[in-house]
Amino acid sequence: MTLLNGLLALGALAFTIPLAIHLLSRSRFRTVDWGAMHLLDSVVRINRRRIELLNLLLLLLRCLLPVLLAFCLARPVLTGFRSLPGDQPRTIVIAVDESRSMAARDADGQPRIERVKRELTTMLESLSRQDEVILLGTNSIDRVAGSMGATDAIRAIKEIKAEGGPVELGRIVQSAAEASENATHMQRQIIVASDFQSHIVGDGAIETLERLKTSLDEASIRPSISFLNVGVESDKVANVSVDAIESDSPAVVAGRSAKFSARIRNAGDSPLRDLRVAWSVAGKPLPPRTVTIPPRASVTARLTHKITDVGVNPITLSVEHSDALPDDNSRTIGVDVIREINVLLVDGDPSNRPLAGETDFLAIALSPFAFGGQDQPDAVRTSKTIESKLVAEIDEQSPDIVVLANVAKPDDAARERLARFVNEGGSLIVFDGDKIKPDAYNDIWKKDDATWRLPAKMGEVVGGPVSTDREAELFPIGDLNRQYAAWNIISGGSGATTSNRPLADVDVGGYRKLEIDAADVATGAARITLLSFVSGDPVVIASRQGGGQIVQFAIPCDGDWSNWPMRLVFLPMMQQMVLDLAGSRKQTTLDVGAPISVPTAELTALIPSDAKTDSSKPPTYATEDPSGTIAATQPVGEAATSLMLGDAALVGTYRVRQTTPVMGGEPITTQTIRVAEVPAIESQLRDVDASRLSHAAEIIGAQVYGEVSSLTSDDQTRRFGREVWRWLLVALLIGMVGELFLQQRGLRGKRSLGGASSKTPPSTWPTGDAT
Amino acid sequence: MRILDLVSPKELSRVARLQMLARQVVEGFCSGRHRSPHKGFSVEFKEHRPYVPGDELRNIDWKVFAKSDRLYIREFEEETNLRCTLLVDRSGSMRYGGERAAANRIGGKTKYDYAQTLAASLTYLMLAQQDAVGLITFDDAPRDQIPPRSRPSHLKLVMRTLAHDATQRETDLGGVFQKVASKLGRRGLVIIISDAMGDVASIARSLTLLRSKNHEVLFFQVMDPDEMDFPFTGRVQFRNLENVANEHIVDSRSIRDAYLQRLKEHQAAIQSACRRNRVDHFPITTDRPFDDALHEYFAMRSRIR
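Residue numbers (my numbering), protein chains in the order written: chain Z, 1 to 771; chain G, 1001 to 1305.
To be clear, the hints were calculated from the coordinates, so they are not data collected in a lab. Take the hints with a grain of salt, since some may be wrong.
Claimed, not checked - Each pair of labels, with its calculated beta carbon distance range:
(1) Z:734 x G:1289: 35 to 43 Å
(2) Z:1 x G:1237: 43 to 51 Å
(3) Z:714 x G:1237: 56 to 64 Å
(4) G:1289 x Z:743: 50 to 58 Å
(5) G:1237 x Z:741: 35 to 43 Å
Quick caveat: nothing in here was measured; it's all calculated off a predicted structure. Where is the CB? At the ideal position from N, CA and C, for every residue including glycine.
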């Protein structure tokens, strides 16, 4: 045991004061010549031992009190509890959870992250100059963290913001453990400060921790690990959040209406009436609306809007409400608005007669306004060609989709070009017909490293052309695949009844049997049957190959084998399918913390077609993050085709600009955006079960603390021993109370011959009791 | 022989003072009573019984003999002339006198002073009623013994005897009573004035003995107020008035409750002994007026007429 203020222990000598008083008082007494000694004798005889013991106890207590007080002030430390060398410098790795849930305000109105900052600052202030701090933020958990002094760490902690997404606990601890391996000092401590939401301590986290345990055990220097849990009673926090915004339209075409929906959730226990929600498109706010959300429920806010600007546009929904977590009251997505979709129709059976060509019905279905001579723009621009001009047309038009309609046998050049086209992200639709040579289609489509097959092998033709003969066999078509979202508009959505069959009036007299290769099924190749006959044979099969998609029809797109092109359902089906195939697959909205990559082609595509760019001068690129910081950047990769912006550390909109020199004019600047958002799960404030957290901590031998003071106290105990002044103080208080009790009650206790006690004279006194 | 040959002038003054106190007490007490006790108790005829050999001849009713020619003995009420013996405790314990004792009365402040005045008052009162009064003082043994007489001049002898100081001897009520019981003669009234600081069982046996001889017993237990509530604080050395070698230095507060409990038990035992023997027990503290004791005496006197 050591004393922190050893000099004050000399105060223990004050025990001589009560001792001296006791001895002095023993020699001072008054004398009474007593008559009733007959009574007093027995009382003194019986109580003498008790009184002497009590007096001795009282004396001991009185002597003990100054001793306790002196030792209390001297702050003794029991070094028996010490498990680490106390005076050696140490390295503290602090991993701070920067997820959005840490911004939630608890009952005291203080955000959790502020509490963490405050408590960690207090702890860091007590460190010595030799101590070393490694600070990790979960937003950049994979970044190599450098060490710093306590003062720098305090400064860095002040800059921490809770704007990130969730990071699994196992990953946090693993990163912290890896960081601790770079520590300078032998003593290493890891502190994970988080609100420990349930989703970061999932099964995956437990597995990671179990793996980590082995490596920790094998490490030459095992760091001590502590969890600082600041998440308490999250379920009582009332929070409103915009959980998601989605585009309901398969593709958003400039100048055409698109539908969007957003899910707003009220996690509170009271309903929210007339909540003002406001949409904002491309930075322009729309008139606000009001919604009412029942307690612990969600509502969907919808928007139908026409966006004119091509490119990635931000769409934001904001809720005006003051709650525990204001940051999630707004959410933004990036929507890629495309120009009209360019579809190249390759007609295998062209005709000069109206609606006699193989692709005539399809051309009308895809561009109905152009067919009708109306001014309203079509979403799809179609152009027809024949098989011999296929390669040239693809190179010239750069279509989004190529449709092979009853093309007998594409030559090798066409096959190679289409293989490359699909691999580069184009979509291919193959319609069957009587001219088709299945062998040519069933072969491998190959160009360099692009190798693929059609979704299904073409088999024999079943049936034949549709005739007026009522006795001819027809093949009824079954229901639409409800998992194919593009056709939900036709089937009436996922809630439609099975009796509502939109293709019930379609008569199919003949079709080609599409055979799915069993080997492909076994390998789990990504293909989906979009439509089947009632018999089970597929009508439409789609698969994703390379960067594009292939859709294979078992029937032609003219009226030879079926009356489908003449039915109302044909137009929306084809429209939606084309929109879906041409729709953007750019990842314009990503989770915060994810890497951002922008292809330069995206920016180049935004340059007006009539601009005369100067090819001799390369374009320049600049990025602007949500905080407004602008930095120049360069394309990376072998072909310098993409811009890497690094991880999206901040929530918000990242802008990428390309400045392209123009011959004889001002350079043209084009811009695209990427939106980084926090996953909605961060808004679902839900504390991890205490037992689960304990289990997680137990795996790696960590301790869980609710306050940094207890963490510091435990750490002090491990390093220096246990301070016991509080115990001594309690003992002192108990001693004082005991002394008071003994003085007031103990010495007045009585034992008489009869045993019963009384503090009053005989009740019959002095009045006589005459018998 | 002059009286000064027997007693010192100091004792004589004390006798005179005691006599004066007694008169003062009694007359002060009687002035408020409707019926004056000075009338005394006349000799009252009880019955005739046939003469048997051995009867005193002076008791023969000669008038009846003249009328009936038969010898009859005339019998009177026994207590016509009360024979009262005062047993006054003059042991060491009676020498205690607290501060509060003298506050409310005349005379000294010790228990013995109180007992002296009370005994003198009773003597004066009884002699005035022509009752015979005897006195026995005692500590651990009978000391002065004056047989009962009803002469007015007897008062002076009683007073002189009472005027003796208390001794430093211990009390032995039981032993004393057993010794004096045989000397008390025929049935009479025995008034004990003592603090009863002794073995209760022995006292009880003595009371039984007295009662077995058909004596009416009135027991004035004189206590000092200090002995009743033990008002001491701090460290006190208690020295035994009956035995100088016996002393205790104690923290008075620490034993107060136990002492009071012991006192309560002692009183209960004495009271129980008195109740069993049909003895009138009258505890009184020295800060009380004598009236209370005299009232008790009159109640007793009227009961045994």
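Against the structure, the hints come out as follows:
Between residue 734 (chain Z) and residue 1289 (chain G) the beta carbons are some 53 Å apart, a value that contradicts the proposed interval 35 to 43 Å. Distance hint check for residue 1 (chain Z) and residue 1237 (chain G): the Cβ-Cβ separation is about 46 Å, which falls inside the suggested range of 43 to 51 Å. Between residue 714 (chain Z) and residue 1237 (chain G) the beta carbon distance is about 59 Å. The supplied range of 56 to 64 Å therefore holds. Checked against the hint of 50 to 58 Å, the pair residue 1289 (chain G) and residue 743 (chain Z) fails, with Cβ atoms roughly 40 Å apart.
Checked against the hint of 35 to 43 Å, the C-beta distance between residue 1237 (chain G) and residue 741 (chain Z) comes to roughly 28 Å, which is inconsistent with it.
Hints 1, 4 and 5, counting from the list given before, are not met by this structure.
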